[in-house]
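Colleague: Below, each chain spelled out in residue letters.
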Amino acid sequence: MKKFAIVLFALALLASPLFAQGSKDSASAAGSNEPVTIEVWYGAAITEAGPVPDDWVGYDILRDEHNINLVLTALPSNENDQDVRIQAAGAANDLPELFMVRRPVLQNLVRQGLVAPVDDYFALMPHRTEIMYDENAIRMATIDGECYGFASPGAIARNEGLLIRKDWLDNLGLEVPTTTEELREVLRAFTFDDPDGNGRDDTWGFGAFVESDMTINGYPGSRFFPLLGAFDVAGLWSLDGDHLGLNVLRPEFYDAMVYIRSLIAEGLVDPNWLSYRKDDFRAAWKQGRFGVMKEQNAAFAAESNYAPFDANFPDGEWIVVDAIEGPDGYAAIGAYDQNYRILAISQEAVDAGKAEKICELLEWMSSDEGYLLCGWGQEGINYVLDENGIPTAGDLGDMAFSGTAGQVYTQLRNMVFYNSDTELASRYPTYTTAVSGKTMSALATLREMQSKEWIPAIGSGMMPTPNADVFRYFEQSLAEFLSGQKELTPENWQAFLDQFDKIGGGAWNAEGVAYAQENGLVY
Amino acid sequence: MTTNKNKATNGSTVVVNAPLNSKGRLGKEIRRHASVYLLLIIPLVYYIIFKYVPIWNAQIAFKDFQARKGVLGSAWIGFQNFSDFINSFYFWELLRNTVFYSVGKIIISLPLSIILAIAIYECTRPILRKIVQTLAYLPHFLSWVIMYGILLSLLAPADGVLNDLIKLCGGAPIDFLSSVDAFPWVVLISDAWKEMGWSAIIFIAALMGIDVSLFEAAMVEGANSWQRIKYITLPAIKPVIVTVLLLKIGTILDAGFDQIYMLYSQPVYSVADIIDTWVYRQGLLQFEFGLATAVGLFKGVFGMILMLVSNKLVSKMNEGSSIF
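In order, the protein sequence lines correspond to chains A and B.
So the first sequence is numbered by this note's numbering: it starts at 1018 and just counts up by one.
So the second sequence is numbered by this note's numbering: it starts at 148 and just counts up by one.
Bound conformation, chain A alone (with noise of 0.2 angstroms):
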């Protein structure tokens, strides 16, 4: 019998993950002292830092103050990753109060009904809605005529910029390329006339990797933006009214195609660009492996992304530089979107009453005592106010709110965040370098690559997006294009269209079309 009893309570215990679920809020959001639970399912603000600490002062003043129980998950840094987690959440109608959402995802769960409209929503945090949500802001988030989120700027638009090695130019005697054919020279310089004079060939003229997407970047990806902007077919769709639709159904995507096919069988290019994932990319232009790329402003110039490079190369410089022009006088650094993350409350969150204090967490988090902690965290602890009342590390060594112990503190600043003076002030600091002693100031590049001709494409994460096959046959075809494996000639190209087309990619532009004018994104 006693073993029997054993039997039982082991069989209890290992079932027990089958009602773990149990209630997912034990305490009701109306008529109920205790504290509402919210779960935040957040982009961490620093992916390779861990999530927000256990001692976070803010879960407190939430508890005490707004009789919130805040419960904070980190989303995957990955935003295909994040796609699948959400969404498999959504289908097992599983969401949490509050997440933060991609566009197309969203337009998803609305289809199912999982997240609830926010129109009546802004009058509850007047102050968040003032600072952060704009007329542009709430369409961002509005499908089928009504708002489905709260969509608060996310990374600062045309903050990529062409860079060139300058030390390699000089080293060479070589003048900043203006034209295509100029870039092509300075290329062929930087690939084969050995612009580190290290008596290696082991430098090549352009670095990449393919960053695409279904909604701005498309193939071969943003990465080849100053390539595409010399034909002015940067960006996967085309918002300019006199050639609205999928760029690459224009004659000059295929003149872009061919020059930029030109360079990789010339091997100007890295030939590692189709393997290279993001920080393998980082890591080569830091090891000095080529010498003209499309990088972005933080990623390029903040203090600890150029030690690296400053340590390396305590000689070498980069330097913006304007677009580059194509044969017909296009030039452009690349297509440009308004950035917005949005966060959307589950239909579950409101079915349960829990709407109103969610607006009360997203405005207190606006609030200056909120906004200063989700930034920068605690004053004294993990920064301090300068004379002008810009945060700064100080002295806070390791805790401060850019330290690896601090930085945990400000997981939560993307969802206080709205690119404000004192934000881009505070997080990119003029600084001296360490070992070339150079003055740097990640700013003051952002403003220089903003001063170059881009293309606006604002609405191009609003665009339709294919089904899954439409999408890897328009991929792979300009991959097999580029890496040679299929001959780059007009009836190649003009066969590839036409198949493009009968399998959807047709119907695709036309719906994109179709939407463009609908909602107002041709200009």
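No lab work stands behind these hints: they were computed from the structure.
The C-beta atom is built at its ideal place from N, Cα and C for all residues, glycine as well.
A portion of the hints provided could be inaccurate.
Now the in silico label distances, taken between C-beta atoms and shown as ranges [claimed, not checked]:
| id | chain 1 | residue 1 | chain 2 | residue 2 | range |
| --- | --- | --- | --- | --- | --- |
| 1 | A | 1279 | B | 198 | 50 to 58 angstroms |
| 2 | A | 1519 | B | 233 | 18 to 26 angstroms |
| 3 | A | 1275 | B | 308 | 32 to 40 angstroms |
| 4 | B | 233 | A | 1268 | 36 to 44 angstroms |
| 5 | B | 349 | A | 1511 | 49 to 57 angstroms |
| 6 | B | 188 | A | 1147 | 57 to 65 angstroms |
Got chain A sorted already, so can you dock chain B onto it with the hints?
Modeller: Chain B alone, transformed into the frame defined by chain A:
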């Protein structure tokens, strides 16, 4: 009184005095062997929670699944999801690639695992055996993310070790990971490298069960190493080889999502895209969970049919070698 006769794995017959139609006696037997049944509980609960309970949700393969409506509330659409999969633009290519990698891995990895197991078993120097075993098992514990980094260091066209050697010999570098000719070999060989040692464990275990006196007798009769392997070792582990082969056939449409997902890129989609990567893009990323489930069912049924047919064939060819 009736008796059950169960054939034990070593071929002897075990007589169990437990008539299955007698609840009282069965209960008594369970209580008598409670500790053994206790051990059974863990895998049993695992299977119930993770294998049998989800079968209920498999019905969404036949539904236009709407999460808010739930499994029961979603509209019935019959075989529409299956039809969408089978009529998809790349169906035959996906099937071809999936079967190619599965069969290729069996053809390459299985013999290599057996050879490694025999080599380790035959090795007479314990230290060498342990070193080889450890080195062979090690890659199994690396994720494909890490393996990708290692492969990139070896195979990158610009500065990979292998391409450095090719260039040293005067050849042109090969982009192994982006070439349709080279990519399948990269997949098959890297899988063999990663999993060969781990797969060898079951064969080593089977080898350990061989009666040593057989080898001693063979050596007295003058049999050399090859003859001992051919006439004693291989026949002795044949049932295990057949079992492993049949189990692998049952999962022939699982070609290794993690590996392909990490290694593939757009230029090699035509030889790299498998059913699971397609399901990831079309099913999971586009919220087509009904479709994803339909493909899962399709794979399961396909694998089960193949395994049943193979088992029958094995049974006919060599009685006693089949699984059931």
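Colleague: Honestly, which of those hints from before does the structure not fit?
Modeller: none
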